[in-house]
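Chemist: Sequence:
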Amino acid sequence: MPPDSDQSTTPKSEPDTDREPAAAATLIRATRWFGWVVLPAGGAWAVAGLTAGSVNVMLLGLLALVFGAFLLFEASSAPARPVAGLATRLALATLITAVGVVIVEPIVGPAIAIGSLIPVVLALPYVDRSTLNRLMAGSMAVGVVALAARRVIPWGDPATEGSAVLLPTSALVIVYSLFVLFLRNASSRLADTASELRAVVEMSRDLSSTLDPQDVGNRLAHHIALAAGADEGAISTWDRDGDRVVTFGYYPPEHIEQLEPDFALDRYPATRAVLLTQRPCVIDVNDPDADRAEVGYLRSVGQRSMIMLPLVARGESIGIVELGSSRSRAFGQRQVELAQLLVREAAVTFDNARLYESLRQQAYRDALTGLANRARFHERVDHALERLRGRSPLHLAVLFIDLDQFKLINDRFGHTVGDRALHVIADRIRATVRPGDTPARLGGDEFAVLLEDVEGLDTANAVSQRLLDVLAEPVELESGEAIVGASIGIAISGPAADTTDVLLRNADIAMYAAKAAGRGQMVHFRPDLLQLASARGELAAMLRGAATRDELQLHFQPIVRLEDGTPTAVEALVRWQPKGDVLHMPAEFMTLAEETGEIVSIGRWVIAEACRLARSWQVRFRRPDLRLHVNLSARQFRDPGLVPLINAALAESGLAPTALTLEIIESTLLTHAEETRGRIAELRRLGVRIAIDDFGTGYSALNSLHAFEVDELKVDRSFVPLEDRDDARVLSEAIVEVGRGLGLEMIAEGIETDAQAAWFRGLGCRLGQGYRYARPMPAADLERYLRRAQRSSGPTERPEPQRQPSRRNTSVAAPASATVRPTTT
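Heads up: take any position in the sequence shown, counting from 1, add 56, and you land on this note's numbering.
Treat the hints loosely; a few may be bogus.
[Stated by the list, open to error] Restricting the straight-line Cα-Cα distance to at most 25 Å, the calculated cross-link-like pairs of lysine to aspartate or glutamate (DMTMM-like) are:
1. 635 - 665
2. 463 - 502
3. 635 - 654
If you're looking for bench data, these hints aren't it; they were derived computationally from the structure. Remember, predicted model here, so these are calculated numbers, not experimental data.
Please take these sequences and the hints and turn them into a complete structure.
Modeler: Encoded structure:
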């Protein structure tokens, strides 16, 4: 945890220099206490021996005096030395003194034998296994010598009445004192163990309340540093690719400003060694063998010792824990063991937190584009609204982006290429928005952008216009070039739009208004748009079940021979009139029918009713050659029940399959080419004919028609030449020429004048349809039309109703653009 280059000399807060590691403090206190017990006893024996003229008692007193002085010396100098060495020296000194006492006065041998094991037990918590084994061997030797002393050693004072009582009693007092010391030390160690366990439990409890990696890191550093008696602690992850460690947790947190967020391992080989070997390392400024780079770091931050421990999860080093102290030799074996215990728990916790964060990122990221997903976008808008609420005059804006005609890319190139196109589009959005804005993919071809700290509409307009411009650029794909474009709805936060759901709803409504306005545009949300959307929702609810309530009607528009105007076929067009409501044209409800799935039941009714009526007219007017045209939407065309439905309608009505022509639009033809060819083959096996409607408005090339077994081609009305449109003549001529070259029956749509009819007759187009001959009409009016045509040998007389626009739908209630082909019209 190297310091920041600008703050490497910044002194840290003065640590508590009187604070000692708990284990060392316990042993030092016990040593000091026992020294003050032994020292007076030794003085009393020495005086008693000198007074009584007993050399042995005087020698025992002198031994006790030396031992007591040694204990007090060790207690005073122990803080500067490792606690394991202190425990070893005390045990050895006690055993040596015991041997001396037995040699001087064998009478105390039994007492010494009893107490010979106590020094080893006292050293047990502090020393390693090999040292403990040596001390136990020494203890056994002392016990044997003490028991055999009275028989083996020939000297010693005769057992006078006083000495026979005084010496054993004194020895027992000392042994008892040692035993009491052992109990106190054992109690202290149990308390330390309980404290350690409590530290683990508290750390676990504290960490259970968070899974945020940054928060986890700070809490781990706090608990490990306190438990190990360190002044500071840092937890860092190992960036293997960059050969660096990155600090993500620190204690105390106020000192993190003094640190670099990461540092290269080539500057600190000891740190790298800990990560590679997975072994702890203690660095002390007074250790001549310590790594100089680490020592230099310690001095730069006002510390004198440090312990580094690896974070190991699932057998691999994932990071490192560094604990620093302002005291030299602050970390003995016990501190290392305790720190390792907590670090092992920390590694598991941190690894779980990283895993959780990874899963959370995956859950909050769109897998295809890498942008935020809907859940993350909701969270970001919630946070931004909370940050602004009542504290800022600024606003936030939500841009709802829907790609225009993206479905055609999937239909033309397939979903794999479509996914690559989405990835390119997402990159463009990411590169276009401002730093700090949040782009997201909500699903499918829908995107959104959160703009924070917006002063007004100008900022939202500027970003939206940049997005429209960049998304209108062609997308280069392996299979060719595609032009997508987008429509954008904009919603600004305010008193009436202060929740995420409301903002997204408003932006969504505005986006649909942008599409209805002609696509490739941006529209700001207005309250009246909400009213229109509400009305559209009510319309969708009313449409549900319309076929079963007898609310649907069929109108028919004749298809005639351009040569003489004789009707040869009729096209069925659906209308909807709810009970007590006005008559709705297809553009007002067919898009809703597609979105809600109601198109399936509507299409079922249209096919059955149209077949029934067409067969009745064939019989009534003796026109077995009269043909019926019915439009199929993309959803109907893909419906697995379509072929059985048509077969049943033909059987029930008696209409010959060859008298039925099914019209599909160009984009439906290009959707999933193999599946389309299979469906067309199924229909043709029934005997029905297939026509391509509105040809020339999609993405297909004229020469792609040979790949599909179609029978007829209807030239879209946009290619019907007008007085000021010479380009329409060129295009219509090319379409008719290619169609005839492929052997297709050509039908010109939208003929309104004699000149237009003459133009298509001159191109060799045999059939036509349009207001020049007849408008769509109810079944009863069509019967009168057919009756007049039957009586007339010349061109069919046509009514002269007031002229109405035929190329666009201006109904306010229709949210869909008239350029979108109404299905089952």
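Chemist: Need the status of pair residue 635, residue 654: alpha-carbon distance at most 25 Å?
Modeler: 18 Å, holds
Chemist: CA of residue 463 to CA of residue 502, is that 25 Å or under?
Modeler: Roughly 12 Å between the alpha carbons, so the hint for residue 463 and residue 502 holds.
Chemist: Can you confirm whether the C-alpha distance between residue 635 and residue 665 stays at or below 25 Å?
Modeler: 20 Å, holds
Against the hints set out earlier in the document, no violation occurs for any number.
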